[in-house]
Amino acid sequence: MRKISYLTKSRLILILPALITLILIIFFPLVYNIYLSVLRWRIGTKENPQFIGIENFITIISDLRFYNSLSKSFYLLIEIPIEFAFGLGLAFLLQEEFRGKRLISSIILLPLALSDAVVGLVWGLVLVPTYGPFDFIMRSLDLWKILGFTKPISPAIVYPMETIILADIWQWTPFFFLTFLAGLAALPVEPIEAARVDGASSFQIARHITIPMLKNVIGVTILIRLMDVFKSFGIPYILTKGGPGFASEVVSLYIFNQALQFLNLTYAAALTLIVIVIVTMLVMAFVRIYKFEFR
Amino acid sequence: MISLRKNRSKAIVKSLIILLVLIFFAFPLYWMFTMAFKPESDWATFPPKIIPDVWTLYNFYKGLFLMGGLQGIFDSTIIAISSMVLSIFLGSMAGYALSRFRIGQNVAFFILSQRIAPAITFTIPFFMLFSNLKLLDTHIAVILTHLTFNVPYATWMMKAFFDGIPKDIDESAMVDGCSPFGAFLRIMLPISLPGIIATAALCFMFSWNEFLMALFLTRSAVKPLPTLIPRFYGGHDILYGVVCAVALLASVPPIIVVVLFQKYLVRGLTMGYIKG
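Heads up: the protein sequence lines correspond to chains A and B, in order. Letter by letter, the first sequence follows residues 842 to 1136 in the numbering used here. Letter by letter, the second sequence follows residues 133 to 408 in the numbering used here.
Keep in mind that the hints were calculated from the coordinates and are not lab data. Check the hints yourself; a few may be wrong.
[To be verified] Below 27 Å or equal to it, Euclidean Cα-Cα: the simulated DSS-like pairs (lysine-lysine) are: (1) A/K1056 to B/K194; (2) A/K942 to B/K142; (3) B/K146 to A/K942; (4) A/K1056 to A/K986; (5) A/K1082 to B/K194; (6) A/K992 to B/K146.
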């Protein structure tokens, strides 16, 4: 009997510190956000917090700038299929062993190491009009005219969302490439060999054998990107600042502006709750539609 | 003969595609790298100087000593290392508990839910808390807020590593009279040392690179490296070379992590779901 209680105590020592921290770290912010969302409380003023019930949520219903930012975040989702296709293609291309493979994949993985802020900066510099290398190539090959522009444009101003998507693709295709390469390496060789002996083409093998066997890897990778796309902040913040106007103000950027620019933290808290609900629903819908085994 | 030629042309096409891919991924970094070494007169020229003819270290001098880069490196190092140590300490214990004791899948999903919420969800409450405690613009504020993603992350990663170690090992230690805590400390930790090091490296990288929370919670006393970038970039006259020098310095540690820990990167970025 004493032995058991000693064991229990010893287990508690292991569990408690971590559990308490996890609860503080995850529960406290969520609960505090819910608490804030029912208040009117502008920081920096002497005004006391005032209970206003669901007024913040009623304001959200008619907040056009919020709908705008949501639509921008949803628009970002189109980058996922592009990253998927590009990453899968790269993984197939670099599947076999050859000299220099490690060096090549290391170079492809570099963007994954960078801070969002650095990625935004790098693409800002590459795409800057007149002095940037992108504009130089477009002018040298006369591509602006071929594409139907009368004069050179600044991509970050004329196509802000597409510019953000380009930077995202640059940073996150390596992630898809990495997981697919690992997935391919873990596959059994027999079914593929058998299909090849039976005369199937590489494309048929990929379409009917390899990709179905990668189903779980593909699902997890897309799921992680799905959650992260709605968190996108650093790249738009540096690259376009949400502009011109609100043309690239994604959801995280809008909430950030509500909180720090307008010091409207309680409204920002209400907004984050709505975003959590939306992303959770999307994730659950994806898990259900995709039907992958969640271990 | 025909098939040989076909194979050859196939190999050429393949090499060409790989070359284009490499240019796409490497050129923007190359551009940042060379810009960091260009003198001010070469920052904005037409045509742009793809290969710089004059190289200088002045941008690094200016970025480090006149624009706060050195302080940024100091702040980022303190924040990333503290956050890493705390997350590994807490995460390995929680991960062991999740892996061996029946706490259930609910806790696991609960940890995963952290990834769903936008970073700002965790920033606002801590901002309020720290503003009441007069701790805004300190290292502690950023370190504690970074724990919101690093502790769940380390827990999840360590759980995956512990799951890979047969239960017999620590159970037999407990039969021999070790307490669960003792078995964890003396047996499990040493066995999973490679996993701990890989997790620590990735925690360090996440904290080092984190932008939103650092930007939100600091102003002038503490300036983590990523927050320096919008200070130099986006105003009227952009200090191209200086901002690139600082960004380059900020990118060196995470690039080392990615290259050294490539083997663990798949696990690391998918929270252990996909084994590399």
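- Task: Taking the numbered hints from earlier one at a time, note which ones the structure violates and give those numbers from smallest to largest.
- Result: 1, 4, 6
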